[in-house]
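Position chains A and D relative to chain F; hints supplied.
Chains as they are written, first to last, in the numbering used here: chain F, 1 to 403; chain A, 1 to 627; chain D, 1 to 293.
No lab work stands behind these hints: they were computed from the structure. Just so you know, these numbers come straight off a predicted model, no measurement behind them. Using N, Cα and C, we set each Cβ at its ideal position, and we do this for glycine too.
Below, computed lysine-lysine pairings styled on DSSO-like, alpha-carbon distance capped at 27 Å:
1) F:Lys368 <-> F:Lys125
2) F:Lys308 <-> D:Lys55
3) F:Lys123 <-> F:Lys368
4) F:Lys101 <-> F:Lys342
5) F:Lys216 <-> D:Lys55
6) F:Lys204 <-> F:Lys175
Calculated from the model, a selection of chain A residues having no Cβ within reach of chain F, i.e. all distances over 10 Å:
7) Asp95
8) Val119
9) Trp170
10) Val175
11) Leu185
12) Thr359
13) Thr385
14) Pro387
15) Glu388
16) Ser431
17) Ile446
18) Arg451
19) Ala482
20) Ser503
21) Asp544
22) Asn562
Pair by pair, the computed Cβ-Cβ distance ranges are:
23) D:His91 <-> A:Val28: 32 to 38 Å
24) F:Ile78 <-> D:Ser184: 54 to 60 Å
25) A:Asp474 <-> D:Val273: 37 to 43 Å
26) A:Pro15 <-> D:Arg166: 55 to 61 Å
27) D:Ile282 <-> A:Pro397: 39 to 45 Å
28) D:Ser184 <-> A:Glu365: 49 to 55 Å
29) A:Pro94 <-> F:Ala166: 35 to 41 Å
30) D:His56 <-> F:Ala201: 47 to 53 Å
31) D:Pro134 <-> F:Gln353: 54 to 60 Å
32) A:Arg469 <-> D:Arg166: 55 to 61 Å
33) F:Ile78 <-> A:Thr330: 52 to 58 Å
34) A:Pro217 <-> D:Thr187: 38 to 44 Å
35) D:Pro134 <-> F:Gln269: 32 to 38 Å
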Amino acid sequence: MRRTTAFRAMAGIAAIALAVSACSADSSNNGDTITIGASLPLTGEFSQGGLDTQHGYETWVEMTNESGGLLGKPVKIIVRDDATTQDTAVSNYNNLISKDKVNLVLGSQSSLLNIPSSAVAEKNKMLFVCPSCGSPDMYNRGFKYIFFSQQTVATDQAKVFAEWIANLPAAQRPKTAAYPTLDDPFAGPVVEGAEKILSAAGIKTVYKDEYPATTKNFDPIVNAMRDAGAEIVVQGAQFEDGVNMIRSMNRAGYKPSIVYQSSSPTYGQQYLEGVGEQNAEGVFFSSSYSSLAKTHQNAEFIKKFEEKFGGLPPEDAADGFAAGQVLAAAVTAVGSIDDQAKLADWLRNNTVQTILGPLSWNADGSPKGEFLVGQWQGGVSQVVLPTDVATSDKILHWQGGPI
Amino acid sequence: MSTSTKTSAARLLDPRLQTMVTRAVVVVAAAVIVLFPLSPSMSAQNTMIMTLVLAIGASGLNVITGFTGYLSLSQGAFIGIGAYVGAVLAIRIPDVPPLVWVPVAGVFAAAIAMLLGLVTYRSRGPAFVIITVAFLFLAQFVAIQWVPVTNGTAGLTLPLPDWPEAWGNWPFHLVLVTLLALSLLMTWAIRRTKFGMGLIAIREDEGKAGTIGVNAPVYKLLAFGASALFVGMAGSAYGYYLSFVDPISMFSIVTSALIVLSVILGGRGTLFGPVLGAFIIQPVNTFANDTFGGGNARLVLFGGLLVLLVILLPRGILPTVAALLEKARTKGTVGLSGARLNPLDRPLLPVDVKRPAPTGRTLLEVRGLHKSFGGNHAVDDCSFTVPEGSITALIGPNGSGKTTVFNLISGTMIPDRGEILLNGERMERLSPWSRAHRGVGRTFQITRLFREMTVLENTVAPLRDFSVRQLGLDAVSGSEAARAAELLEFVGMSAYRNARAGSLSYGQQKLVELAQVLMLDPKLILLDEPAGGINPTLIERMGDLIRDLNAKGTTFLLVEHNMPFVVGLCDPIRVLARGAVIANGTPEQIQKDPLVLDAYLGDDYLLEAPSKAKQAANVPAVERNPA
Amino acid sequence: MTSFIQTLILGLLVGALYALMASGLTLIFGVMRVINLAHGAFAVLAAFLTFTLWKHLGLDPILSIPIVMAVMFAVGWLVYVAVIRHVRGSHVSMTVLATFGIALMLEGIMGFIWGNTSTAVRVSYTDASIALGPLYIPQVMLIAAGIAMLILGGLYLLLNHTWAGRAIRAASANEAGALLVGVSVATIAALTFAIGVSTLGAGGAMLSTIYPFLPGSHYQWIARLLAIVVLGGLGSLPGAILGALVIGVGEIAATSYLGAAWPVAVPFLVIIVVLITRPQGILGTRLREDAVA
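Bound conformation, chain F alone (with noise of 0.2 Å):
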């Protein structure tokens, strides 16, 4: 037939053009600066939180290089938009280490990216510190080089929430609750951990369930939630689905005693403003920062994120700005950046200082500690427990009135 010919004649010139193109090596890298590179979500269903991580790394640059830099030199980053995509994620990462060539990586935003990137960064023999790897599936694949920059891994995040209320005398504490969570390797997790302790203790569950990412309308878990009368709502979120749950019980007039919600009323202003100031009140969650705790560097990376972008910070950037910390901390440490196993095994063995005060780390790069129980108070968002380095000394109901 006369058509194939044309057909091989155009499939030979395109392979030919595309080995053209990788004939070419990758682009070095100039050796005076210390090039660093993340996948971040810009865009898509987890663009709050992929902005704040951003804001927060380029915070740390920024100061980073106005106190001389890492091992004297400048830092850069360069930060790609993985659409909250996984495999996005996971070719923004290989090409930041095998075109770019930087010479350290920082992890993604969210579990659900950072699960197939620390793959990537493992498989390059490459240190992987992460601001969000709190999905405890992360840390049981034998991997050496993952190191999560927060306190603890999901599971515990809801740890001293849930023990603050077992702990309550009988009068004052709930005897049903609902447990509503997002589908996600993150979320899940917390609220997992916080039902284990709270029915160990008596709580009875009366309304427990999963929903997927996509899901708009709460109305119907509302109802359900409220039929079943439950007098306290752990709800594992992410941003919007936390806003949505929020209003949708103040439309349904479903007022339970005690309200938490995993990682939505860490946003700040914008949850603020998602919910409105009222409702907000008294809602409970656990946070690995507060901008008023007094930790290391905490006060100069305020006022500096201020100056950049606005606002008091919002937990992901901190999160971020930490996760730069851990990664100064070993660097500076060892001395140099050309063996990465060295500094995974320095972080294995030692405590760094960061806003989110002092880190540690189990052989698994899973870290060890205790997170804080924050809730909002008069559209401030403080820290409550532990109480030794709690900011307000009141804990209030949802809406008001305290317990």
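Coordinates of chains A and D only, in the frame set by chain F:
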């Protein structure tokens, strides 16, 4: 046209030169692709792996979308299914190298694809596309919810490759290259066999394909399986390459859209088109990702590309280029369809050919047929018989339901009530292809050939009876093609065997359609207005052919308006009016029947004597005085 | 029992909104046999326009509906003339690809203009509800349902009591015939597309107050809308309304009785079941499978 010196342009267009050059180019291209991991650029290697996966997906889709004409937006799902099967097996049986599961994943994906084929049995066109979209999302849903097996949204992490670091990406690359080669081989093989002809027939005209014995549901099922087999395997290898399999990216509709885009861009139905398309799309995708970031610019780019492609280059690159080359090459030449049929090309049939002695058996019987369309009773208690070995005519005024009766007999429609018996066996509920396999063939009033196929391919496409062996028979050469060539010779169209059927004139198409039907070796041939719309020379040839075939034992049922033709050719005549048979008998009896004259001819019609060569001594012409 | 009634109320209210959004899709399919995969993206565009009017002019979403409908009408006409016109009548793969391409472009353009973070319109009635004993009716959904019925009523009047409507129905039933009686099918096709996008615009405007949205939300919407028109019967407006109510209730019921993960699957399961068992949907007509062209 000057023949003394060939201009340089003509030399460039010389097919032989082109073939040599392109063969050389293809060999070079294949070498480059196979040896690609030698490239020092890791990111280029990564792009190549993704391109190969896309190319395999596109090549597979080509079978169901390119050949069979069913647009599927779920092809990406089979990459995902293959990836999941490979990952699940790799994790549960850790001692076996994960690449061993590649074939298993392919077979599993093919099985699921065939299931999808079953589900879409009744769907065509837009409904089919919608179902494939639903299937894609459903597969994603299952992957998310079936947590014990798939680990839900957390995804499955595969162990890192355990071969020496020096091997790099070679194992992945070679596996994918092999799969692409196998996929292309399969596509090439399908195109050459009767199976492939049948698929293209389904694409061109599914209803007609049924009447020539192509069992569309089974063909589609097999096509689905073929389209997913290597894609599932590629998915398994790809999942291993990523070390991570998750439901969101593995079942993304954007992947399916890229695959469809590759097929359309390159040229669907062509062998290398989808591969070419993939080799253009994936690097552009990667480039856009790197330059603009994963987000909005890339969406606008691809969306715009899709829209522009559909508007400006709907046939794809390769067919458009081929058409341009063909146009340049055939400039100033005369198309085959312009040549006149010379009636002396074929020797005339001897005048005294014997009619076969009537056996007395009835081949076809129609009893009490009813068919209505809404309030319109097109066929209303119609009953008649067709004796074995006869040339029976079914005549009647326009709107009497003749074509509907034909449709009911050939299986294109199902009657509301009534029975149709072939050799005593009831067949009114059988599918069109089952009837074709039992020996019923029909032609259409408005010819329905497969326009994009050549005349020879059209003639090879019919399936006499269904068997896997039959499907695998070579259509381009071999016994089937020889038989088809013979039949084309018989009807006088062998000079046109390589012409595109769509380029023939109406009369030429009718002859080819007859050859098609003869491929079935039918007992009964239904001819829908064989003498309609053609010149007298061709009408004569038609008559000759019919008589010749009848002498060899084929029974005919004709619908015709050309009275001389009918009277000269047919013996039993049935007259249909308002959906029922009103008269039966020989031409003489019909001509005299007042009911017939009233319903059909009108009472002021003058019946002409039939043409001289035939009805010499038979019937005195009946004259009626004009009222 | 109250739980069941509450489920029904929520389902019917949300179904009314779905009906408004699906009406355009089925109309477009009926007249030009185009499956408009960009329908979801147009809805999100309308939502963003409403948001902008609210944010910068303080205009209440209900009041901005006429403006949004007019703008979306123009957008629909433009898109038709630029793209759809060329693929109308082509093989289904061409129309599918073309409209999918438009959807991707819209998503990207919306991302550029409005960003990719979750957006929502918050007005006084967003979180309020009317209590009826143990039941509650979210105010915003009641308003949305009311507006939906109003506009659907207008659409019905348009289709059945105006010349343009008759022309649309004629072109839908038999294009060649319509041409022969003097209907300019090209103009009617553009008009239908624009009307379809315009009614969707009203739906999108109300959408902005009920659900948060971002440019990528259109995928969920198109799956749901396709299920609705398939269930009701491709091309049938009453069918779309019926289908929308069924799916609205179905999704809410699925959450209440099967679990929060199931509503996502409702559209796909509906599509597959309907297209296997009764391809013409509830109220659609079976296309005549005639052998003669």
